[in-house]
Amino acid sequence: MPFCSTAARSPTWQNWVVKPIRAVFITHAHMDHIMGVPTLVRHHHASPHPLDLYGPAGIAERVGHLLAGFEWNLAEPTWFTLRVHEVLPDRILHFSFPGPERFRRHFAGEEERQSREIWSCPYLTVAAEILDHKLPVLVFRVDERPHFSIDAAKLEQRGLVAGA
Numbered sequence: 001m002p003f004c005s006t007a008a009r010s011p012t013w014q015n016w017v018v019k020p021i022r023a024v025f026i027t028h029a030h031m032d033h034i035m036g037v038p039t040l041v042r043h044h045h046a047s048p049h050p051l052d053l054y055g056p057a058g059i060a061e062r063v064g065h066l067l068a069g070f071e072w073n074l075a076e077p078t079w080f081t082l083r084v085h086e087v088l089p090d091r092i093l094h095f096s097f098p099g100p101e102r103f104r105r106h107f108a109g110e111e112e113r114q115s116r117e118i119w120s121c122p123y124l125t126v127a128a129e130i131l132d133h134k135l136p137v138l139v140f141r142v143d144e145r146p147h148f149s150i151d152a153a154k155l156e157q158r159g160l161v162a163g164a
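Per UniProt numbering, the sequence shown starts with residue 1, numbered consecutively.
Check each hint, because a few of them may be wrong.
What follows is a set of in silico ranges between Cβ atoms, one per label pair, in the way DEER data are often shown [what the hints assert, rightly or not]: (1) Gln157 / Asp90: 52 to 58 Å; (2) Asp90 / Ile150: 41 to 47 Å; (3) Arg158 / Ser47: 51 to 57 Å.
Just so you know, the hints here were simulated from the structure itself, not pulled from any lab data.
Quick reminder that beta carbons are idealized off the backbone N, C-alpha and C, glycines included.
Please model the complete structure; the sequences and the hints are all you need to start from.
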């Protein structure tokens, strides 16, 4: 998910098939880019998987303030952990917001930035660069990994069934 406005769970998406969200990439902390974070947390809180959020310097503090605006007295031990990563020019700072701990922020370490790549999965990689928008912002590049498609016509021509 490239940003987290209120469109993060808009009624417009109700009839769409949306794959599970594993990572969110926020360019900067203007309201229209982060105001959907609480809604995203609300829809993801019971997931067994952590959710990674990448953003510029200071994003962890802002996310912490957003989440602190709510009562979490019904937190369950099975709630997910939001992991926030601040992308800086030379390193990445890591923070965790464990659901069972009412999404309180914890510093989880830092790592030296080895390249522009900040996240990857079997299907794609995401790279980030810092630019100026009257404040530091991230610009992201998403690259799909090579994948193979089946030519249905050739399968049929050879009497084969996909997946068999």
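Do the hints match the structure? See the list:
Roughly 55 Å separates the CB atoms of Gln157 and Asp90, a value that falls within the hinted 52 to 58 Å. For Asp90 and Ile150, the hinted distance range of 41 to 47 Å is satisfied, since their beta carbons lie about 44 Å from each other. Between Arg158 and Ser47 the beta carbons are some 42 Å apart, a value that contradicts the proposed interval 51 to 57 Å.
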